[in-house]
Every structure is written in C-alpha cells, then in structure tokens.
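Each protein sequence line maps, in turn, to chains U and D. Residue 65 in the working numbering sits at position 65 of the first sequence, and the numbers go up by one each step. Here the working numbering = 1-based position in the second sequence + 1000.
No wet-lab data here; the hints were simulated from the structure. Just so it is clear, CB atoms sit at the ideal spot from N, CA and C, and this is done for glycine as well. You may find that some hints are simply not true.
Claimed, not checked - Examples of chain D residues toward chain U, derived with CB under 8 angstroms: (1) Asn1017; (2) Lys1025; (3) Glu1113; (4) Arg1169; (5) Tyr1171; (6) Lys1172; (7) Glu1178; (8) Asp1194; (9) Gln1196; (10) Leu1197.
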Amino acid sequence: MKEAGNILRVLKETKRLLEEGNSHELKKLSDKTIRSATITQDADNVIVAVLVYSLGKIIEREHYREMEGWKEFYGSITKNLSQATQCLEKDNVKTCRVYLGKIRNSLNKISGNLSRYIKDIFKKAEINKAFKLYEHGLSSEKTAEILGISLWDLASYIGQSSLSDASISISMPVSKRIKIAEDIFG
Amino acid sequence: MKYLIFDSGPIISLTMNGLLPMIEKLKEVFDGEFIITPSVKSEVIDRPMKIKKYKLEAIQIKNLLDKGIFKLSTKIVPDNKLDQEIKKILKTTNGVIRTKQTGEKIKIIHEGEAACLAFSNLCGADNVIIIDERTTRLLTEAPQNLEKLMERKLHVELDPELSLLKDFRKYKFIRSAELVYIAYKKDLIGIKKDKQLLDALLYGVKFKGSAISSKEIEAIKRMV
Chain U
1 MKEAGNILRV LKETKRLLEE GNSHELKKLS DKTIRSATIT QDADNVIVAV LVYSLGKIIE
61 REHYREMEGW KEFYGSITKN LSQATQCLEK DNVKTCRVYL GKIRNSLNKI SGNLSRYIKD
121 IFKKAEINKA FKLYEHGLSS EKTAEILGIS LWDLASYIGQ SSLSDASISI SMPVSKRIKI
181 AEDIFG
Chain D
1001 MKYLIFDSGP IISLTMNGLL PMIEKLKEVF DGEFIITPSV KSEVIDRPMK IKKYKLEAIQ
1061 IKNLLDKGIF KLSTKIVPDN KLDQEIKKIL KTTNGVIRTK QTGEKIKIIH EGEAACLAFS
1121 NLCGADNVII IDERTTRLLT EAPQNLEKLM ERKLHVELDP ELSLLKDFRK YKFIRSAELV
1181 YIAYKKDLIG IKKDKQLLDA LLYGVKFKGS AISSKEIEAI KRMV
C-alpha cells in the first residue's frame, strides 16, 4: 500500500458520508481517489475508489433499503469499514485489506435480488473507474491491467468518451491519417 | 514486404462490429502481412477464450490466425528480441510524464502497445501500426497534448521530459476508422456502397473503442 495515509483519510470520510447518506459526495471522493490512483497505480487505491463509488451508487437507490438482506449488508459495510480503518491506524495493512474484501464477500451471504443488484453495481463501478483512468491519460491496456478487467469490457465505454471529441485528443489531421492508410494499401 | 501491425483495440472493435470478413478481404488486396504480437494475441484470443461472453469472438479471431490472415510477429522477429525492445520502449515512455511536486513517474502505456512499437522498430520494412486508443498516439505524435490533458484531468502540475520522445516521431499510425474507410473505398464490405454505410461503419468502430471525434468522421465522409 503506497498511500496508507491517504487511504485512511478516504475510509474515514467514506464512513461519515455513508452515515449522512451523501451519495453525491461519495462519488466525488471516489473521483479524487482515482486521480491519485492514476499517478501511483496502487492497487489498494483502485480497490478503495471502486468501493467508494459503489457505496455512493448503492445508497442513492433508496428502495434497496426495503429489500430482503439490506440490514445484513449495511451492517457488514459499517462494521468492516470501521475495522479496516482501525487496522490502518495501527499500520496493519494486510488485515485492512481483508476487511475491505469482506464488504463485497458479504453479498454472497444474502439471498434474493439485492445481492445480484449490488454485485452488478460493483462490476459496473470497476468499468466506470477504468474509464476514468483512461480519461485521465493512461492507455487502454494499462487501464485494463490496473483494474484487472478485459479490454473487451472496456471497448464500448472508451467509445463513449467525450474526450475523443476534444481537440486536444487530435494529434494529426484526419486527411493525413487517411493518406497513411491509402499509401500502405497502395 | 510491408506490415500492418495490429494492436488489440482495432481487432476488438472490428470483431464486435461483425467486420472480421472485411479483414480477410483487405488481406487479399494487401501486399504484405497483417501482424499481431504475442501480447495482442493474448488479449484477443487467449484471454477471451476463457470468458464465456467473448469466447465466440476469440474463436473467430483464432480462425483468422490459423488461416494466415493474421501472422504472429514471432515468425519475423524472435520473441526474446521483441521483449528486449519492449523493455526499452516501456522504460522511456513510462519515464516521460512525472509529477512536479514528487517527481513520481506515471506509467502510461502497457506491454501490448509497446510491443507494436517494438515490432515496428525491428521488422526492417515499411510498416503502419493500427491502434485505436488515444494515449499511445498522443504520446508519440503530440506529447505536449497528452501532458496538457493529464494536467487538466489530474489537477496536478506535471514536469514532463518530452525530449526523451524525440525518436518516437517516426511511427505511422492509423485507426480502425481509417481501415474501414479503405475497405469501403475498395468496395470490400459486401454491402452496397452508399454514404449511410460509411456513416454506420465509422460510428460503429467509434462506439466500440476507436478514439475518433465526430468532426473527424464528418471529415472522412466528405472525402468520398
């Protein structure tokens, strides 16, 4: 863990925002974390960014709170976030990772649709964060490697990036590139 | 001999658009080889072969490799030589962009993309790299744009050493968008040629990962 201090701050902030039910700020916090992750490429930073973004999405959907298994899942989030924070305060990085992992694993213990919906949120959060890394300037393959996802999953997201339309992303006039293609095909 | 060196992105984009037959037809009119490196093979065949969602696509691409439409770079440049060159390229490219405050280097490109550049360096023949993702092209064609983009997005000041890239301006890149344009012009799509088809082809590859702007697409359409 390259940035234990930063991650500790993020976890504390996450717990507070979660208690306040502030999904908007949680997503902003995730964005900040992914900016650090672009530079450090620290796996823990990426995991935390995905977790925080997912929690923002989960609490945004208020109807989840009425669903079977919500109490158990929410209990697992708060308990494991607290324990992960305490571990990091004692520089126990390894156990901190275990508690963070338990949040996602707790989904396997709840039955019904909620587990499926939230697993889907986590999956989509991974792609969303990968897309952010790409938008921040990393190459698509570097991004896929950091998030451990497939380039195939990333392709459609990259296609939607508004950055492709920005003039800063254009490094050569299209007519010149067409000429290169025509020349090589004779 | 000439080589068209494929990165993973264009193969994925063309496959997802059902355009693999177009690659076969393009190969028939191309006086050279369509190359994939081992890391590209891993990303477009070996890895998706283990993912049920993409297994069919992987089999279709493997079929093109088996038929000789794609040729593995190993047959032209030995893997150990390619690996050495990849390491050199990664050392340079991943040392260019640093943060001003901490001097931390940002690793921006990956082995797969570096392998395309490495093969281009070692093949000893006329070649063009087909790559859809923006970062590798920006890094070599307009590194100052990449620096600006990253500063804007990361909200940190960067201290790039762009002089490291002076030998990187030699690469020639196209995207899957330019490839479908060539196929369209040569009437290799297998559908009656009209402007709607070209529009659909270009936006098809854009929405499956080709970093091309809508303005560029409109410019290409005006060239016909």
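Here is how each hint holds up against the structure:
1. Checking asparagine 1017 of chain D against chain U by beta carbon gives a least distance of about 10 angstroms; that is not within 8 angstroms, so the hint is violated.
2. Interface restraint check for lysine 1025 of chain D: the shortest CB-CB distance to chain U comes to about 12 angstroms, outside 8 angstroms, so the restraint is violated.
3. A hinted interface residue such as glutamate 1113 of chain D counts as satisfied when its beta carbon comes closer than 8 angstroms to some beta carbon of chain U; here the least separation is about 5 angstroms, so the hint holds.
4. With 8 angstroms as the threshold, the beta carbon of arginine 1169 of chain D stays out of range of chain U, its nearest partner Cβ sitting at about 11 angstroms, so the hint is violated.
5. With 8 angstroms as the threshold, the beta carbon of tyrosine 1171 of chain D stays out of range of chain U, its nearest partner Cβ sitting at about 10 angstroms, so the hint is violated.
6. Hint status for lysine 1172 of chain D relative to chain U: holds, with the closest Cβ pair at about 5 angstroms, below 8 angstroms.
7. Given hint, glutamate 1178 of chain D at the interface with chain U, holds; its Cβ is 4 angstroms from that chain's nearest Cβ, closer than 8 angstroms.
8. Against a cut-off of 8 angstroms between C-beta atoms, the interface hint on aspartate 1194 of chain D is violated, since the closest Cβ of chain U lies about 19 angstroms away.
9. Using the Cβ-Cβ criterion of 8 angstroms, the hint placing glutamine 1196 of chain D at the interface with chain U is not satisfied: the shortest such distance is roughly 20 angstroms.
10. Taking 8 angstroms as the C-beta contact cut-off toward chain U, the hint placing leucine 1197 of chain D at the interface is violated, the least distance being around 17 angstroms.
The structure fails to meet hints 1, 2, 4, 5, 8, 9, 10 from the earlier list, while all remaining hints are met.
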